[in-house]
Amino acid sequence: MLEKVSQDRTFIVWLTLALLAAAFYMFRPYINFILVAAVLALATSHAHLALTALCEKVLRPAFVGVNATWFSALILSALFLLLIFFPLIYFVATSYNQVMSLDLDELGQTLALFIDKATALVDEIPLLKEPLSQLKEQGLAFARGPMIGTLVNQSASVLAGIGGLIMQIIWILVFYLLFNGYSRQILGFVSALNPMSSEHEGYLLRECTGTVAVVLYGTLFNMVAQGLAFGLLMSFFPGYNSVYLGVLAGFCSVIPIVGAALVYVPVVIMELLAGAWGNALIIVVFAWVVMGFIIDNVLRMIFIGTLKRMFGFEYRMNEILIMLAILAGLATFGFWGLIIGPSILALALAAANLYSSGLVKEN
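With the sequence shown counted from 1, adding 12 to any position gets you the working numbering.
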């Protein structure tokens, strides 16, 4: 009898492993999406729990059949749609239309005029005169040659290829909804299979979710706040699509180190070449003071501190380590390494700290 029970258990173990391997093979094209969705679900787990409790308190008396867990999962997925998906579609559609409607002759003339004015600003410096003359000749040859048409066509192809990123976001949101909807069942299953104690599990979960939550909420706040601020500023300057520039500045703010400078620096250069020195100065001061200091350093920390008090998450990782993890994640996993990188490093540091602090004891 005992031998039969042992054989039955062994068979179930091997059957489970085989089926898990088959499921992994079947879903291998979606592994990256599942991983990103899982990290997003961990990062927003505090908000999901708080929203679920609020839904149970508000909706249960009026709507008895409403599942609060799934309702809060739908709300969080809708928020991600509003903050990321719709602005990205607007940016891609507007950029593609603008590229396809370009007049190549007019663009070449504009570039030639831009090169003339740019070189004239520093033409009086003796050390730069000779290299600038060579750059000017090369730039004018490019602006008046056939290469500019090739560059425009390649830009249109790149923008059309961003549709793949939109499909990635759709799949990630689908898995994100499932992770939030089945969060209790998934956590219970993982906890049952995990040989660690509940104390160790809770420690690793707190360290990982706290760090990733700070990165995610801080990134979303920067993206929305800087995009709104720059779009509002550009609405006071004629000749610009303020909504488009605001959306572009918001997405560029996600990029470490350079951030929204990828947007406002070209605008400042255009104002300088047009002779509008006052406008250029206003944009630079606004970008450095409001966007670079107040939003990125003051308001973001206040926002994260408020969320920490509301949801009770913590993080102990150094800001420099977080930035390095983001850069490494972007280099390894692409765009979604923005949150995968910090989560991996947070888990690694938490596991090392768990071992070194004596929480793991060997006989």
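If you are wondering where the hints come from, they were derived from the structure by calculation, not from laboratory data. Glycine is no exception: its CB is placed at the ideal position from the N, C-alpha and C atoms. Some hints here could point you the wrong way.
Claimed, not checked - FRET-style restraints, in silico, Cβ to Cβ:
id : residue 1 : residue 2 : range
1  : M282      : M313      : 29 to 37 Å
2  : N330      : L93       : 27 to 35 Å
3  : R196      : F249      : 26 to 34 Å
4  : K69       : G324      : 30 to 38 Å
5  : M322      : S210      : 42 to 50 Å
6  : I178      : L339      : 22 to 30 Å
7  : F98       : A343      : 35 to 43 Å
8  : I87       : W26       : 21 to 29 Å
9  : F347      : W26       : 20 to 28 Å
10 : L217      : P41       : 44 to 52 Å
11 : M335      : F98       : 42 to 50 Å
These are the hints, each one checked on the structure:
1. M282 with M313: 29 to 37 Å: holds, 33 Å
2. N330 with L93: 27 to 35 Å: Because 33 Å falls inside the window, the suggested range holds.
3. R196 with F249: 26 to 34 Å: Violated: the Cβ-Cβ distance is about 51 Å, outside 26 to 34 Å.
4. K69 with G324: 30 to 38 Å: For G324 against K69, whose Cβ atoms are near 18 Å apart, the range 30 to 38 Å is violated.
5. M322 with S210: 42 to 50 Å: The hinted range 42 to 50 Å is violated for M322 and S210, with Cβ atoms some 25 Å apart.
6. I178 with L339: 22 to 30 Å: holds, 25 Å
7. F98 with A343: 35 to 43 Å: violated, 28 Å
8. I87 with W26: 21 to 29 Å: violated, 42 Å
9. F347 with W26: 20 to 28 Å: violated, 39 Å
10. L217 with P41: 44 to 52 Å: violated, 28 Å
11. M335 with F98: 42 to 50 Å: Cβ of M335 to Cβ of F98: about 28 Å, so the range 42 to 50 Å is violated.
Checked against the numbered hints above, the structure breaks hints 3, 4, 5, 7, 8, 9, 10 and 11 and satisfies the rest.
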